[in-house]
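As they're listed, the protein sequences go chains A, B, C and D.
The first sequence runs 1 to 434 under full-length UniProt numbering.
The second sequence runs 1 to 434 under full-length UniProt numbering.
The third sequence runs 1 to 434 under full-length UniProt numbering.
The fourth sequence runs 1 to 434 under full-length UniProt numbering.
These are calculated hints, taken from the structure and not from any lab test.
Certain hints may be false.
Copies of the same chain look alike in the list, so a pair counts if it works inside one copy or between any two.
[To be verified] With a straight-line Cα cutoff of 27 Å, these simulated DSS-like cross-link-like pairs (lysine-lysine) come out: (1) 350 / 429; (2) 208 / 429; (3) 69 / 376; (4) 21 / 393; (5) 21 / 336; (6) 204 / 422; (7) 204 / 135; (8) 350 / 271; (9) 271 / 390.
One-letter residues, chain by chain:
4 protein chains.
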Amino acid sequence: MIPRYSRPEMVAIWSPETKFKIWYEIEAHACEAMADLGVIPRANADAVWKAKDVTFDVARIDEIEAVTKHDVIAFLTHLAEHIGSDEARFVHQGMTSSDVLDTCFNVQLTRAADILIADTEGLLAALKRRALEHKDTIRIGRSHGIHAEPTTMGLTFARFYAEMDRNLARLRVARDEIATGAISGAVGTFANIDPAVEEHVCAKLGLKPEPISTQVIPRDRHAAFFAALGVVSSSIENIAIEVRHMQRTEVLEAEEFFSAGQKGSSAMPHKRNPVLTENLTGLARLVRMAVVPALENVALWHERDISHSSVERNIGPDTTITLDFALSRLTGVIDKLVIYPENMLANMNKFRGLVMSQRVLLALTQAGVSREDSYKLVQRNAMKVWEEGKDFKTELLGDADVLEALSAEEIEEKFDLGYHTKHVDTIFKRVFGD
Amino acid sequence: MIPRYSRPEMVAIWSPETKFKIWYEIEAHACEAMADLGVIPRANADAVWKAKDVTFDVARIDEIEAVTKHDVIAFLTHLAEHIGSDEARFVHQGMTSSDVLDTCFNVQLTRAADILIADTEGLLAALKRRALEHKDTIRIGRSHGIHAEPTTMGLTFARFYAEMDRNLARLRVARDEIATGAISGAVGTFANIDPAVEEHVCAKLGLKPEPISTQVIPRDRHAAFFAALGVVSSSIENIAIEVRHMQRTEVLEAEEFFSAGQKGSSAMPHKRNPVLTENLTGLARLVRMAVVPALENVALWHERDISHSSVERNIGPDTTITLDFALSRLTGVIDKLVIYPENMLANMNKFRGLVMSQRVLLALTQAGVSREDSYKLVQRNAMKVWEEGKDFKTELLGDADVLEALSAEEIEEKFDLGYHTKHVDTIFKRVFGD
Amino acid sequence: MIPRYSRPEMVAIWSPETKFKIWYEIEAHACEAMADLGVIPRANADAVWKAKDVTFDVARIDEIEAVTKHDVIAFLTHLAEHIGSDEARFVHQGMTSSDVLDTCFNVQLTRAADILIADTEGLLAALKRRALEHKDTIRIGRSHGIHAEPTTMGLTFARFYAEMDRNLARLRVARDEIATGAISGAVGTFANIDPAVEEHVCAKLGLKPEPISTQVIPRDRHAAFFAALGVVSSSIENIAIEVRHMQRTEVLEAEEFFSAGQKGSSAMPHKRNPVLTENLTGLARLVRMAVVPALENVALWHERDISHSSVERNIGPDTTITLDFALSRLTGVIDKLVIYPENMLANMNKFRGLVMSQRVLLALTQAGVSREDSYKLVQRNAMKVWEEGKDFKTELLGDADVLEALSAEEIEEKFDLGYHTKHVDTIFKRVFGD
Amino acid sequence: MIPRYSRPEMVAIWSPETKFKIWYEIEAHACEAMADLGVIPRANADAVWKAKDVTFDVARIDEIEAVTKHDVIAFLTHLAEHIGSDEARFVHQGMTSSDVLDTCFNVQLTRAADILIADTEGLLAALKRRALEHKDTIRIGRSHGIHAEPTTMGLTFARFYAEMDRNLARLRVARDEIATGAISGAVGTFANIDPAVEEHVCAKLGLKPEPISTQVIPRDRHAAFFAALGVVSSSIENIAIEVRHMQRTEVLEAEEFFSAGQKGSSAMPHKRNPVLTENLTGLARLVRMAVVPALENVALWHERDISHSSVERNIGPDTTITLDFALSRLTGVIDKLVIYPENMLANMNKFRGLVMSQRVLLALTQAGVSREDSYKLVQRNAMKVWEEGKDFKTELLGDADVLEALSAEEIEEKFDLGYHTKHVDTIFKRVFGD
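Chain A on its own, in the form it takes in the complex:
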């Protein structure tokens, strides 16, 4: 996790304080359930709630851990310092560390997912607003980086909206994947603890009980979770690359927002770098790199080995923090992206109408000219545009052979942009509904 690419709310989820708070809640709810079952005295269960408003002292717990060499025991020892060691004596009874650790990890991932979902909703709002704003802003569509046919900037935003909307659905599924808890003991048989405890704790924490766990919650869930984040990050890269292309000096159809006072912007107005989207391209790689180790974590030995743990200590916080930051940064970029419609038109007309050559070719054929002759007619006019800088439409209108097949009106019609935008409304309805 790199501080400069992080936001406080997500960072807080991964703080030791939050972790210990969640551990506490798991233990307290478990005691309550055990008291309900008559397994431990009610008074002891009640006593645990005395620490309800405590912020646990991380330094103190670290100090104890230095002696006990065990994080959960250190926490329990510290908890006893708050509620009294006699009162605390039934805390954690029949449980194993993993019951606490794995359930806590999933609470953290679930909360992280909630933030990522909210981030994505924010991004969607920005994309929709810009899509509607530029629904009719004409720009050239490009395949292979080469001019193809006209489209609109609104369609570009709508496309990103649709993609991010799919990602929203993926994030929701991913959230559900890891919204489970397990309090099932050393090998998952509930030998020392009743399944009712698991049910109670999970209900209180907003999780579903893991139908079958071993010592751990199965890691295919986490693999699917991180894979989903990898897909989202790749979509971020997709949008980032579009912005970077639009801001290229030769294209200049859009620019990341540049505050008036930003140094260098007016003395070197040509030198505004798309650094935010370049950064997003890199951040996407960072999120994506967690996918493979998360997949490698699935195959644990027998009822569990602990090889996944060091991986998750890293990718748990790092990946969610980075993706949160990236989604937020991208929302800002989209929100404030400066669009240059006039440059879009200028770019489209760079070759003075040649982008319409295919439409003219088709029209000639449909007017009965042989494919070969149509081709020659288009070619000889195209070459004058390409090599001598002439205007394509003008040349066609002045070519007697062309005029034999197509009227001036028909030629004009081939250069009508409305032809290309006539279904924009239909597409917008598909994407945004009515």
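Chains B, C and D: place on chain A using the hints.
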């Protein structure tokens, strides 16, 4: 794709014959829709169906492509050879190659997903059968590869069932991700073709129309698809590793089925290698390696670049063929896995009752012995087991200090396996329902 | 492996015929060494050479394998059909299959590496030629896709040359990594075969004996090999991305070669797609995806498990074939790349001299104008260029305040391109030597 | 970076203090070189050295950066606070930020590599010591996790030594890959700075000048660097997996060192978990996950884009810190690994001599018994071992048919372990030299 790791039904999806058949269907349905719209003559649309039962001649199409340097044009030329070039003249009107290629690719992926879903259902049936069969077969649960507490072989199978059942759900979602088609023209604006054509073709092919495409169907869908396959393959690895561990010489709790006549098996009965599950471990890596390039494919330049194409030509067939083979092989392994319950018991008893030491320790404490004294009592008996090969229960029953705290009956009870299996039914209900 | 992305020489290395030929050579040389040691009769060793010119019958071997279920035994059986079963009876004595398989795999990888090395040398020759040709062809250097300072096209080629020259060195190291053989028996102890056999066979095949093998040659070697290929492929992507950028409609500083007769090129001269370099971008991903499974292959269980095998059956041929094709395709692209120096100049001058604003700013400061005043002077002239389409140098020459600090000559000098190219020779000497 | 998996010396390389110190050295040496060239006054160059012993104030620099929004400018401003702003006015002249950032990054990577090299040398020493110690400690060699033929524990250590020795060579090459610096200006043309400055600074910092840079040092170097680290980490996983297997309850041929006082060890002597090597398995994944983004970083747009930067801010420190920790932890594991030779023998004899069945089979054949009859003879005795728990050698010695072909002495000889260890010395010589 490696022939030895492939099955004919899946391979057939990726044959040139199948591809051309799908191309044909797309074109024929599109003509029909265009005739419905009055855009092309009905007779021409009807004529296309003359080729309904044709198996297209791949060699002939290749021959034409060698001249035209364009696969879709080569196909169309060959199609005209079947239905007459005059009749064929409206085929593909207003469409671009990608309309055909991308829609076809998604048809292939959808069919591949259907096979993978059926494979997984077959695997689930095998896992369930073996789970029920060995519901009560006691074996030692292991964490870190070290004996922990007893569990049952049925729980192991049930765990894999639950994991594969989640994978089934993931495969269904993945199938839906890529079950879309697009016939939207050069940059996705429907400039030259009515959206109704797309709707008709998609309906006929069992796809949904892509709400907004450019020249291509957005690649986040494919990334999510291949990521799901990567998760499934990691679960295969998980099961494979379990079997390999069980078949280790020192463990020998299970063996891959070995036919009676298989060479070497009876002269060297100790030398039966888990080669199928080792192979599955490798195949899992092959499936998984497609995830990263699929994620890298998402960010295309503007309305499309063609960088994704060569990647998909490889991972489309290779990954689905390999995963199909792996699921099928794994089903066979599970179905015929030879289980050795007596070895499971022998392994559990390797240290003559020491696995129960934690339960005894707990019992002593609960009986009022101080934590420190309990520890010493357990330790002195454990050491006799560990170092002198004694039996733990016997030692405890002969230790007067222990007997002061626990009755012989209570000690016996700590070694009761029923304690560990009492919730197996509950877990089975969670996993398999009632 | 996709036929359209493959070349015959590399494909031949991976054919069954080649594989069996290498197996044969290993066995024949091993017999010779064993005869030298007096372990087997000389006559039997000599007899093996009778098959020296045989092309082994793959179909026949497959037929035998269908019965024996073992590829090496099938081959040996077929070999006996050629040289007589009595003569063949000492072939393979004391060896295990892996001795043959692993040594053969490394022979194949070594030969593949030789081709890749030759490919890279060919690419280097093309890059050097184009670098020298365009040493002085001015173009704008870009950071962040934004114009920065002038550079030359020759420097771009020279940069790629230097990068590919490092890759050449990496390929040579990678070749050495896997140029080892092992004939050391079931667990690598030489229990049944003398180390002298290994030494002899390796010497004959151009390999070094693996200092310590188990049943297999250690897989860190192969991991390093495929990692090197991944680096090379990333450099291919790097060059491909440059070409794709240069060919963008708005940039058009270069184009992939387009044969005069190529369809569409003259009727739609604006529509030439950089499909070769887009394809190379995808091929780079395919080569790169082998790196992770090759790394995952390193950790085998004890003296060997066979999980690596299925992975290598795929990535061995696929990765080397794809990289060979990609290097060759890239060489063709570079060789025939059409460069447009006039467009390079036009692009550089897109903002009429503004790229020099930083140099002017520096000159003003050095001439004693305060940083703040310098900034204002540059800014007011820059804005006239940016907003009103004026020429920067002209504006400066007409600004009395600027002329107070800098003479007209000094201003002219700031626009001198020689300033930027004065060290090109130095850099070329560093890259290409004298 | 996770504090619990890090060591101070490596962490220090990546501290802001170290970074600023290196920046300072680059600037100071550059000034010196410029003074040598007469480009800036000697007095100003000398003045920079006034800060030679300063530890720069990170908080103060952050404070300035909050205003200037530029890290290098913030540093230079703070430097001026130390040496006087008039004296500082020529610092950084003609340089760009990347000259400082990229050269500094490579200094850091080079220093990190030096630590990793030293770590590996330490590991090699431990491996060699243990190899010599257990040169003759017999254990069973295993393929597929199944007993194969005897080998020695020393050969296992020697094998890891040889593998790590190759990694040492790879690390040295990797170090050289990134031991370059660049001070070449905005697009690498040295327009504003003489190449002599670069040469001087690099010489002082122990780097080679990058033969041709753009604004940045080419990223194929870094890709090769991180790929090498990925290979090393996979070898760590390889060793870790071996230890984990040896420590399995059923195998118990070795254990990670467990201090006498460690809680639980004597009350539950069967429950010592190989947590260090499990942790190493996970750490290996963390190191390896940097390989793909490092490869993706190679293809930058034109003379540079900044997409690589966020990736490197993470993987630069995280990967080197994690690998350093892992190498050190592994050295400790090897150094103190508890070996159980008696368990090794017990495991080897688990099937009472059956591991020798192949040798017996061969001996019978060589003694003239037909292959079929030999097989039957072995089989009937093997089955008595396998099914009735008999001893293989005893059975053979009591089988009259066997004795007809082999004398009792010859049978005994087949069970001689010396047969398997006779070339251990040869192999040790190959690995360790004389």
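To see whether the hints hold, each was checked on the structure:
Taking the shortest Cα distances, residue 350 and residue 429 never come within 27 Å of each other, neither inside one copy (32 Å) nor across copies (40 Å). For the homomeric pair residue 208 and residue 429, the shortest alpha-carbon distance between copies (15 Å) is at most 27 Å, but the shortest distance inside one copy (37 Å) is not. Taking CA atoms no more than 27 Å apart as the test, residue 69 paired with residue 376 passes between copies only; the shortest distance there is 20 Å, against 84 Å inside one copy. For the identical chains of this complex, residue 21 and residue 393 are neighbours neither inside a copy (72 Å) nor across copies (41 Å), given an alpha-carbon limit of 27 Å.
Taking the shortest Cα distances, residue 21 and residue 336 never come within 27 Å of each other, neither inside one copy (39 Å) nor across copies (38 Å). For a Cα distance limit of 27 Å, the shortest separation of residue 204 from residue 422 across copies, 25 Å, qualifies, whereas the shortest one inside one copy, 54 Å, does not. For the identical chains of this complex, residue 204 and residue 135 are neighbours neither inside a copy (46 Å) nor across copies (31 Å), given an alpha-carbon limit of 27 Å. In this assembly of identical chains, residue 350 and residue 271 lie within 27 Å of each other by CA distance both inside one copy and across copies; the values are 22 Å within and 13 Å between.
For the identical chains of this complex, residue 271 and residue 390 are inter-copy neighbours only, at 17 Å across copies versus 32 Å inside a copy, given an alpha-carbon limit of 27 Å.
In the structure shown, a violation is registered for the earlier hints numbered 1, 4, 5 and 7, in ascending order.
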